[in-house]
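There are 2 protein chains.
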Amino acid sequence: MPLLVVGSIAIDSIESPHGSCPEILGGSATHFSLTAALFTRVKLVGVVGEDFPEDYLRVLRSRDICLDGLQILPGRSFRWSGRYEGSMAQAETLSVELNLFGTFEPTLPEHYRDTPFVFLANGSPHVQRKVLEHVRDEPFVLLDTMNLWIETERRALVELLGRVDALVINDEEIREFTREANLMRAGRAVQAMGPHTVVIKKGEHGALLLHEDEVFAAPAVPLAEVRDPTGAGDTFAGGFMGTLARVGHKRPDLEDLKLAVSVGTVCASFNVEDFGPNRIRHLEPAELLERYERYLRMLQVSGAPLLNASLLPVSEHTV
Amino acid sequence: MPLLVVGSIAIDSIESPHGSCPEILGGSATHFSLTAALFTRVKLVGVVGEDFPEDYLRVLRSRDICLDGLQILPGRSFRWSGRYEGSMAQAETLSVELNLFGTFEPTLPEHYRDTPFVFLANGSPHVQRKVLEHVRDEPFVLLDTMNLWIETERRALVELLGRVDALVINDEEIREFTREANLMRAGRAVQAMGPHTVVIKKGEHGALLLHEDEVFAAPAVPLAEVRDPTGAGDTFAGGFMGTLARVGHKRPDLEDLKLAVSVGTVCASFNVEDFGPNRIRHLEPAELLERYERYLRMLQVSGAPLLNASLLPVSEHTV
Chain A
1 MPLLVVGSIA
11 IDSIESPHGS
21 CPEILGGSAT
31 HFSLTAALFT
41 RVKLVGVVGE
51 DFPEDYLRVL
61 RSRDICLDGL
71 QILPGRSFRW
81 SGRYEGSMAQ
91 AETLSVELNL
101 FGTFEPTLPE
111 HYRDTPFVFL
121 ANGSPHVQRK
131 VLEHVRDEPF
141 VLLDTMNLWI
151 ETERRALVEL
161 LGRVDALVIN
171 DEEIREFTRE
181 ANLMRAGRAV
191 QAMGPHTVVI
201 KKGEHGALLL
211 HEDEVFAAPA
221 VPLAEVRDPT
231 GAGDTFAGGF
241 MGTLARVGHK
251 RPDLEDLKLA
261 VSVGTVCASF
271 NVEDFGPNRI
281 RHLEPAELLE
291 RYERYLRMLQ
301 VSGAPLLNAS
311 LLPVSEHTV
Chain B
1001 MPLLVVGSIA
1011 IDSIESPHGS
1021 CPEILGGSAT
1031 HFSLTAALFT
1041 RVKLVGVVGE
1051 DFPEDYLRVL
1061 RSRDICLDGL
1071 QILPGRSFRW
1081 SGRYEGSMAQ
1091 AETLSVELNL
1101 FGTFEPTLPE
1111 HYRDTPFVFL
1121 ANGSPHVQRK
1131 VLEHVRDEPF
1141 VLLDTMNLWI
1151 ETERRALVEL
1161 LGRVDALVIN
1171 DEEIREFTRE
1181 ANLMRAGRAV
1191 QAMGPHTVVI
1201 KKGEHGALLL
1211 HEDEVFAAPA
1221 VPLAEVRDPT
1231 GAGDTFAGGF
1241 MGTLARVGHK
1251 RPDLEDLKLA
1261 VSVGTVCASF
1271 NVEDFGPNRI
1281 RHLEPAELLE
1291 RYERYLRMLQ
1301 VSGAPLLNAS
1311 LLPVSEHTV
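Chains A and B, in that order, are what the protein sequence lines are.
Position 221, counted from 1, in the first sequence is what the working numbering calls 221; the numbers after and before it change by one each time, with no gaps.
Position 80, counted from 1, in the second sequence is what the working numbering calls 1080; the numbers after and before it change by one each time, with no gaps.
Calculated from the structure, these hints are not laboratory results.
Model, not experiment: these values are computed from the prediction.
Just so you know, not all the hints are guaranteed correct.
[Stated by the list, open to error] Among the chain B residues that face chain A by a calculated CB cut under 8 Å, a handful are:
1. GLY1019
2. ARG1083
3. THR1093
4. LEU1094
5. ALA1181
6. VAL1226
[Stated by the list, open to error] Not the full set, but computed from the structure, chain A residues with beta-carbon under 10 Å of chain B:
7. CYS21
8. ARG79
9. GLY82
10. GLY86
11. ALA192
12. MET193
13. GLY194
14. LEU208
15. LEU210
16. GLU212
17. GLU214
18. VAL221
19. LEU296
20. LEU299
21. GLN300
22. SER302
Every residue, glycine too, gets a C-beta built ideally from N, C-alpha and C.
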């Protein structure tokens, strides 16, 4: 089933211990779309300026991403520059220019309005709510956010949470949002605001899924080299939502969601191997499938019968 | 097969957001033994003073732990006090008194000397080496350590690494030891010093196992309440080594080690539910088995056929 995404389409400049990459294609909707398009048809809503390179639009078109909802306006595109050091767990933002994204009013082409899966990528709650108001037929909606909106638009965010099926958020953000250090309790606190599903991204430590009363923890794919984590969270979301849309259950169950988290985890592991979307834009389905199968084999543990309770040699005395 | 452990047997005083617990049974060898004894016969090497409560010895005996290698000497036992706050990921040490453990010279009863599995729990590399010198028949040896020894006894530690099969260490410690931020690379750097197996403990994020060229990542059991993480690492090691000893392969393969990491992970999840060893000392094999089976079910992901490569709708154009 098709998938709608609204979010930023940006020009990024990135420094990491592995080099620097000025003026590269970036943005939450970009990273998400390039990944989700491996699984299903993606319809993009966003804005760029006249400075946006035609080559970058071609990258999006090369994955058959529908750009009918993309506005190209006079002015400058969203720009972000950041730097990673040490364990590269967090970017240091060097500069942000919202430019046209700061005043963006999304409009949905008619054929976007009944898309059954919707991702509200990181952006202002105002833009996210506008898109929600224009979709029909109760799609499955996944919301993302970041510390900026938690700090400046808390009320709008809480209101949005009452209207979505799921939230994807990173560990530090959900701790800040809920003021709860324990991630399980933080996730439960968000569920109490509305979403039946919460996915907590933990970077190199993988992801934690809460769905109704159930929980699933997925480790990240262990990697010896991380060149640039920019967009890893959106790539994860792209694999997650791409999988759900492909499965096609608008009310996904725990098994659907576990599959989606696992696929998202593997997609994110490719993203960090090169700068920006350079790895994902050239990713072949066969490579993804091969690493996914390796990941499932890694998770597989055998030998449980050895632990048969009756064999445990615990003493009969108790204290 | 039986298991030998040398390490600290302590009196701990612990404060956490869930309360405080003065003068509780503690120590690396204690937490390890109480867990490993659920799986196999444990022979303890250690020292306590005349101040050590007889009740605490009874706790160890209640799990049929062999105390023939325990010295009870005039003087005071090892004492540690610490406090946890916030996410409780790390203890703040309030005081340490090594007391008799600071001058401990381990001696092995004759019937300990050909134990096939040996755990050198956290303690000085001097004590650890002494025990290694007295065992026969090439046991499987697992080494633990901490930042104190990394900083003050680096050379002795590196020498020990050349003589053991495996190292268990936490993430911050291995980063400090290898000066490598990426955990996979840090693990590979330790393997280059000797051990074919490295287990990196990541607290609430689970564990990472490197064995020869293979890797396994295990998430922690998600928990909504952590009362006291003291001894979680040694409890993990107890489940890990207890499992290996029970399987009985002195040269464990990847499947044995994955099983051991998974069991250790589940054991650690019990430890943190109550202060000190209060949860583990009363743990029933059936409870452990039930949670272990639930953990394996959590890790199980189905639905992979949906991702069949030929179905992915990637465009035929490339950029």
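Quick rundown of the hints versus the structure:
1. The closest approach between the C-beta of B/GLY1019 and any C-beta of chain A is roughly 16 Å, which is over the 8 Å cut-off, so the hint fails.
2. Below 8 Å, beta-carbon pairs count as interface contacts, and B/ARG1083 has none with chain A, the closest being about 15 Å; its hint is therefore violated.
3. Using the Cβ-Cβ criterion of 8 Å, the hint placing B/THR1093 at the interface with chain A is not satisfied: the shortest such distance is roughly 20 Å.
4. The beta carbon of B/LEU1094 is not positioned within 8 Å of any beta carbon in chain A (closest approach about 20 Å), and the interface hint is therefore violated.
5. Of the supplied interface hints, the one on B/ALA1181 holds, with its beta-carbon coming within about 4 Å of a beta-carbon of chain A, less than 8 Å.
6. Nearest Cβ of chain A to the Cβ of B/VAL1226: about 7 Å, under the 8 Å cut. The hint holds.
7. Checking A/CYS21 against chain B: minimum C-beta separation of about 17 Å lies over 10 Å; hint violated.
8. Against a cut-off of 10 Å between C-beta atoms, the interface hint on A/ARG79 is violated, since the closest Cβ of chain B lies about 22 Å away.
9. Because the beta carbon of A/GLY82 sits about 17 Å from the nearest beta carbon in chain B, more than 10 Å, this interface hint is broken.
10. Here the hint on A/GLY86 is kept, as its CB sits about 5 Å from the closest CB of chain B, short of 10 Å.
11. The interface hint given for A/ALA192 is violated, since its Cβ lies 13 Å from the closest Cβ of chain B, which is over the 10 Å cut-off.
12. With a cut of 10 Å, the hint placing A/MET193 at the interface with chain B is violated, because the nearest CB-to-CB distance is about 17 Å.
13. Interface hint status for A/GLY194: violated, as the beta-carbon distance to the closest one in chain B is roughly 19 Å, over 10 Å.
14. The beta carbon of A/LEU208 comes within 6 Å of a beta carbon in chain B, closer than 10 Å, and the hint placing it at the interface holds.
15. Residue-level restraint check for A/LEU210 holds (minimum Cβ-Cβ distance to chain B is 8 Å; threshold 10 Å).
16. At about 14 Å, the closest approach between the beta carbon of A/GLU212 and any beta carbon in chain B exceeds 10 Å, and the interface hint on this residue is violated.
17. Because the closest C-beta pair between A/GLU214 and chain B is about 9 Å apart, less than 10 Å, the hint holds.
18. Residue-level restraint check for A/VAL221 holds (minimum Cβ-Cβ distance to chain B is 8 Å; threshold 10 Å).
19. For the restraint placing A/LEU296 at the interface with chain B, the shortest Cβ-Cβ distance is roughly 6 Å, inside the 10 Å limit, so the hint holds.
20. The criterion of a C-beta within 10 Å of any C-beta in chain B is met by A/LEU299, whose closest approach is roughly 5 Å, and the hint holds.
21. Checking A/GLN300 against chain B: minimum C-beta separation of about 8 Å stays under 10 Å; hint holds.
22. At about 6 Å, the closest approach between the beta carbon of A/SER302 and any beta carbon in chain B falls short of 10 Å, and the interface hint on this residue holds.
Of the numbered hints given earlier, the model fails hints 1, 2, 3, 4, 7, 8, 9, 11, 12, 13 and 16; all others are met.
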